[in-house]
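Visitor: Go by the hints and put chain V onto chain H.
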Amino acid sequence: MATAAIEVDGLTKRYGRTTAVDDLSFTVPEGAVFGLLGPNGAGKTTTIRCLMNLIPPDAGGLRILGHDTVRDARQARRRVGYVGERPQYINWMSVQRMLWFHRGFYPDWDQALAEQLIERLYLDPDKQIGALSAGSVAKLGLVLAISQRPELLILDDPTSGLDPLVRREFLEAVISTYHAEGGTILYSSHAMADVERIADHVTLLYDGRKVLDDSLDAIHGHWAGLHAVFPDGTPESLTLADAVRLQTNAHHVDIVVDGDPEAATAELRALGATRVDPTPLDLEEIFVERVAALRRQGPT
Amino acid sequence: MTFARLLYRELHEQRPVLLLGLVVVAGILGGVRDGAGSPLMSLLAVGFFSIVWPTVAAISAAIAFGHDQATEYVRSLCVSPRLVWAARAAAGLIATASLSPGILFWRAIENTNPDVEHWMLSTDFGDGHIIATAETLALRYFESLPLLVCTALLTFAMGALLSVWCSRGTPLVLGALLMSAALAGIQGALILRLGWMILPPGLGLAVLAQAIALLAQSLILSNWQPRSVLVATAAGVLALAMALSPFLAWAISGSTIDATSAYTAVQDVAPQSRLALLHTYDDYGNTMLRVRHIDTGLEVQALPRGSGFGQFLSDGRRMIYEMFRRTWGLMSPTAQYRLANPDTGGDEVWWESPVERTKIRSATLGGASMASPDGRWLVTSAPGRIVITASEDPASRREIPVGMNTELQGWTQVPTLLYRDVVESRPLWDDDPFAIRSTLVEVDPTSGAELARIELPELARHSNLGPAPVTGTSFERAVMSRDHVVLLVFDQTEAAIKFSAPRAIIVDLVSSSVRRVDLADPYIWVNSDASEAYWLDGETGSEIRAMTLNLRTGSHTSMAIGAPHTARSSPYGGFAVSPDSKCFLISDQGQGDSVTARVHCRDGRELAMPGWWALRFLSNGEAILDGENDDGAQQLALWDLETNNLNVFFGQRRHR
Chain H
1 MATAAIEVDG
11 LTKRYGRTTA
21 VDDLSFTVPE
31 GAVFGLLGPN
41 GAGKTTTIRC
51 LMNLIPPDAG
61 GLRILGHDTV
71 RDARQARRRV
81 GYVGERPQYI
91 NWMSVQRMLW
101 FHRGFYPDWD
111 QALAEQLIER
121 LYLDPDKQIG
131 ALSAGSVAKL
141 GLVLAISQRP
151 ELLILDDPTS
161 GLDPLVRREF
171 LEAVISTYHA
181 EGGTILYSSH
191 AMADVERIAD
201 HVTLLYDGRK
211 VLDDSLDAIH
221 GHWAGLHAVF
231 PDGTPESLTL
241 ADAVRLQTNA
251 HHVDIVVDGD
261 PEAATAELRA
271 LGATRVDPTP
281 LDLEEIFVER
291 VAALRRQGPT
Chain V
301 MTFARLLYRE
311 LHEQRPVLLL
321 GLVVVAGILG
331 GVRDGAGSPL
341 MSLLAVGFFS
351 IVWPTVAAIS
361 AAIAFGHDQA
371 TEYVRSLCVS
381 PRLVWAARAA
391 AGLIATASLS
401 PGILFWRAIE
411 NTNPDVEHWM
421 LSTDFGDGHI
431 IATAETLALR
441 YFESLPLLVC
451 TALLTFAMGA
461 LLSVWCSRGT
471 PLVLGALLMS
481 AALAGIQGAL
491 ILRLGWMILP
501 PGLGLAVLAQ
511 AIALLAQSLI
521 LSNWQPRSVL
531 VATAAGVLAL
541 AMALSPFLAW
551 AISGSTIDAT
561 SAYTAVQDVA
571 PQSRLALLHT
581 YDDYGNTMLR
591 VRHIDTGLEV
601 QALPRGSGFG
611 QFLSDGRRMI
621 YEMFRRTWGL
631 MSPTAQYRLA
641 NPDTGGDEVW
651 WESPVERTKI
661 RSATLGGASM
671 ASPDGRWLVT
681 SAPGRIVITA
691 SEDPASRREI
701 PVGMNTELQG
711 WTQVPTLLYR
721 DVVESRPLWD
731 DDPFAIRSTL
741 VEVDPTSGAE
751 LARIELPELA
761 RHSNLGPAPV
771 TGTSFERAVM
781 SRDHVVLLVF
791 DQTEAAIKFS
801 APRAIIVDLV
811 SSSVRRVDLA
821 DPYIWVNSDA
831 SEAYWLDGET
841 GSEIRAMTLN
851 LRTGSHTSMA
861 IGAPHTARSS
871 PYGGFAVSPD
881 SKCFLISDQG
891 QGDSVTARVH
901 CRDGRELAMP
911 GWWALRFLSN
921 GEAILDGEND
931 DGAQQLALWD
941 LETNNLNVFF
951 GQRRHR
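Residue numbers (our numbering), protein chains in the order written: chain H, 1 to 300; chain V, 301 to 956.
In isolation and in its complexed conformation, chain H is listed as follows (with noise of 0.2 Å):
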């Protein structure tokens, strides 16, 4: 088994009379591409700013390689690096002058790699931070994280409200300078579709807790969307085990699975479907239907 990287057991955060995080628990295990889904509000940064030991959690335990991360703060930091949502650094700093001050709070800095990064990503070591477009200030950040050797690699949303081309470079970048070398990533964001190109494993969150969590394949596994043919017609008290939701018309109807497809598609099979065709799930369409059906489901 695995040693976890992240470990999150009950992790509760409170505004005021807002619960932000509710009850939150997951594990992230060493060397994987975790994604922390959920849209605006749901609790993601809330959830990596206690790891990050930035804000106080209100109740639960949060281990970061081993190290409690209120406890052992420094010693979680050391090993981990963070680009936060929107980053912001020191504007009136150049690019140089930034990898400077950041290297000295990380023994284990490699300036080599750091050069080669801000070449890769077409950064002016010259130009000030405060003059960089939002996307050079992501790339900025995802060098001084990467730079500084770290086990664990902790990304709020970095390219929040970028446009394609240059998440897609921050991604690129992610994956082929950190992850080929065995480093753990915990990606948090919104925009699901980067996040599924990249991830192994993700947990969704919404409202504060936490709606699914498994290995990308696990989920792709079991969900799936079934489109059934039924010429006689549509059985009229049609039910499945595993659908999540089902949307009938006179002669086929689409159904989305959470749970064993093959087993569905025999089932509908056996009710006098002719045609069953699968259609896969992007995980965005995996989380509208997670989310409707706690919808519908009611509050808990």
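These aren't lab readings, by the way, just hints derived from the structure by calculation.
It is possible that part of the hints are untrue.
Label-pair distances were calculated between CB atoms; the ranges are [to be verified]: (1) A59/H with L383/V: 26 to 32 Å; (2) D217/H with A390/V: 49 to 55 Å; (3) A241/H with L383/V: 57 to 63 Å; (4) M301/V with A292/H: 31 to 37 Å; (5) N40/H with A390/V: 34 to 40 Å; (6) W92/H with M301/V: 17 to 23 Å; (7) A390/V with A131/H: 25 to 31 Å.
Far from chain V, some chain H residues (derived; all Cβ distances over 10 Å) [stated by the list, open to error]: (8) T3; (9) G84; (10) R168; (11) L212; (12) G225; (13) R245; (14) E262.
For glycine and all other residues, C-beta sits at the position ideal for the given N, C-alpha and C.
Guide: For chain V alone, coordinates are given in the frame of chain H:
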């Protein structure tokens, strides 16, 4: 190294404050050099240091403690949060402190202001006197240091509290405002502790303004929330009350003015018009001149505040006086010489000095400004030049290049102007003796032509007056006749001996010969034709003798005048000889504070006036005495030696 990086970053964040500090320091230093104290600069300084500075300090603290509340980056670094806070605090303090030298210098300057002489002494940039300036400023600096350190720290702490409160929404407003009250209170207490006289009115206003600024800051930073406004207002009122405490204490006690400063001195008397020119201070430490009729005691004319040196002209009615105007308690950079006429009440500007105030040496310390007895000329001495202005044509100016230390000695009866060019070999420390080489120069004021130049013997002199320029001490006096000048000088080689080994240097202006005569007592009198010197000899309680030395022949005579307890002069006046050289006027100080003014004449006549100090003779033989009434109020009186009548012509409350 980590801390250094953090500190670097924090300091850079606060560079506007640092730059501001540097600019202020440079400005203040520039102001000192070029004549600080102009009304504009003074007002700017008051405004800056009383309002802007504490505000900036608070904002600086707010930046240091507040801005990273939103800067996640720094908090996410692999560094102890304590180190980050330490760097912030250090940077905030450095930024705040960067302004402190400015305020220190400003207050150092301000502290020299209440007394014109102090100011003059500390800002004479003559040869070597820059040291005196630095010494004076350093002295004032350390006097003010506790006050300023408290101010800086408390203002900073207040800003920090306010910023934390603002950023976290914690209701710390009460603590912050109590801090501001404490700040004002400590300032007030220290001001009281250091004494009212170092607090000029300008600084008083500054303290008040500062308290108002703190209140405003509190209100603004409280975001005008009703409850916060209420608390802020209450605490602000407390702060104001604390800030006003020195004023209240002064108002209640009514006597925080330094005793010597409140003393009224007789500056000049015109016997023919029976007028006395009195030099006094008002309750705020401003010098004033008052003209009193010595027979009736009526005040004939009160000259404006700021008037200092003054003298009657030979007509006995008009007078010329020097005035430094004050704006908001701070002096104007130029001196005015005005011509007052008590007969008409006239008071007009005669001449406005183009010489920066800081470069004019005090008239009371050896004569840097003086009019000729007939009022035809006004002479002002500044380092490097003497300026002679004819009263008939004030626009005319005749400049005589001189050395950096020049003393106007006065007018001979011709009249010609005498001045002394002085070259000092100044030691590193004041306690060391040093040599003075000086040249006496006689000048025709009409043409500016040099009539005589006489090298004087080298004098070994010692100043125990701290930063005072030694060439202008009041222990030196010149008496001039038509053809002779007698300079009284005092060789002092040990710090503890102030008045030892006086000697007269007698200069024959006709033959340019110079002679030194050793004397016995510093309370020496030289008669008006510079022919005889007089002093008292003898120990307290034993027979005191009045000694007479013929300065031309060197022969001595003496006269027993009994055994007074202390046959010495009063601290305010001196041993004096009547114009006809027949009578001696002394102050005989008995046990405790008792004093008696005594007159001993060669014809055996003796008079005593218990309770009075002897000041001076008038040319008609009357004497002026200084005393107190039963309430301790200072009085000045005219003593008619013929009738033994005493006529009080001036009385005011004395603060002793």
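Visitor: Determine for every hint whether it applies to the structure shown.
Guide: Structure-based check of all given hints:
1. A59/H with L383/V: 26 to 32 Å: Hint holds: Cβ distance 29 Å, inside 26 to 32 Å.
2. D217/H with A390/V: 49 to 55 Å: With Cβ atoms ~53 Å apart, the hint holds.
3. A241/H with L383/V: 57 to 63 Å: Between A241/H and L383/V, where Cβ atoms are some 59 Å apart, the hint holds.
4. M301/V with A292/H: 31 to 37 Å: violated, 55 Å
5. N40/H with A390/V: 34 to 40 Å: holds, 39 Å
6. W92/H with M301/V: 17 to 23 Å: Since the Cβ atoms of W92/H and M301/V sit about 20 Å apart, the hinted range of 17 to 23 Å holds.
7. A390/V with A131/H: 25 to 31 Å: Between A390/V and A131/H, where Cβ atoms are some 29 Å apart, the hint holds.
8. T3: holds, 21 Å
9. G84: violated, 5 Å
10. R168: For R168/H, whose nearest Cβ neighbour in chain V is about 25 Å away, the distance exceeds 10 Å, so it holds.
11. L212: holds, 28 Å
12. G225: Holds, since 40 Å exceeds 10 Å.
13. R245: At about 40 Å from chain V, R245/H clears the 10 Å cut-off, so the statement holds.
14. E262: Label holds. Min Cβ-Cβ 46 Å, cutoff 10 Å.
The structure shown violates the earlier hints numbered 4, 9.
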